[in-house]
Amino acid sequence: MNIKLLEQSKDKMNASFLIEKSTPAFVNAIRRAVISLVPVMAIDEVEFSKNSSVLYDEMIAHRLGLIPLTTDLKSYNLPEKCTCNGEGCAKCELKLSLSVSAPEKGDEGVWVYASDMKSKDPAVKPVFDKIPIVKLMPGQELEFVATARLGIGLTHAKFSPAHAYYHYKPEVKVTKQGESRTDLKDICPPGVLDVKGGKLVINKEYAFDPKLFEAAVAVSEGALELKESDTDFVFHIESWGQLTCKEILGAAVDSLKSLTSEFVKSL
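Each number in the working numbering comes from the position in the sequence shown (counting from 1) with 4 added on.
Because the hints were derived from the structure by calculation, they are not lab data.
Do not take every clue at face value.
What the hints assert, rightly or not - Under the rule of at most 16 Å between Cα atoms (straight-line distance), these lysine to aspartate or glutamate pairs were calculated in the EDC-like manner:
| id | residue 1 | residue 2 |
| --- | --- | --- |
| 1 | K162 | E49 |
| 2 | K177 | D198 |
| 3 | K122 | D133 |
| 4 | K177 | E232 |
| 5 | K109 | E145 |
| 6 | K16 | E242 |
| 7 | K250 | E11 |
| 8 | K173 | E24 |
| 9 | K8 | D236 |
| 10 | K122 | E147 |
Said to hold, decoys possible - Estimated spans, in silico, between C-beta atoms of each pair:
| id | residue 1 | residue 2 | range |
| --- | --- | --- | --- |
| 11 | V199 | D258 | 43 to 49 Å |
| 12 | S262 | E218 | 35 to 41 Å |
| 13 | F30 | P142 | 57 to 63 Å |
| 14 | E51 | P126 | 20 to 26 Å |
No experiment lies behind these values; they were computed from the predicted model shown.
Think of the CB as a built atom: it goes at the ideal place given N, C-alpha and C, for glycine as much as any other residue.
Taking the hints into account, I'd like the entire structure generated from these sequences.
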């Protein structure tokens, strides 16, 4: 099996990989591990001391749980694997606090954002500062202490680090080099085909987009043929921001290794 990075965003939160000489079962196992077995930080408990906003404590707590937090996997343990046996310590949980009040005078009120939460660990903070929590009207207050813990998506969706999906690698062949090759290039989606040396060629930049080629084949008048590889796959990861795609993929593979090792030991 070979894995090749096809493209990656500048912030390393979106990436596409080419997985060659594999099977659908194995690639799907990686996909499921990415979504449900990679631990990330999320707010798990909230203790409110003041809340005079229009939202109930439960509604705000639900919003807080879905705010993605940057995660340091080297510094924290899953509660069930911590030396404190899940009772709570600095190695498995973190406190974030917030205290915001809207001035008595005024008509517009004050928006409370994720960035208003103060973390005791600079390495763990909201990924996106401008996620709104609630709007406080004049005279209203919001104050709480939240506890964040590591968890996996298998137990709750708030612990899922990314969206992952895959598709078979498209294999496109130019089956007919006719007189209208320039016209064919022009009627296909822009950039898919090019004419070099008097022949139609496929632009490598778009060689892994099946939907684009489906559109090209539909208007190609039989000049293009689209098939799907049985052993090669294009794998996509879209991180929510807690971890980079490389960290997510590495942690997913480690989780699979751990599960298979436990399975073998139990035999």
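Any hints this thing doesn't respect? Which numbers, in order? none
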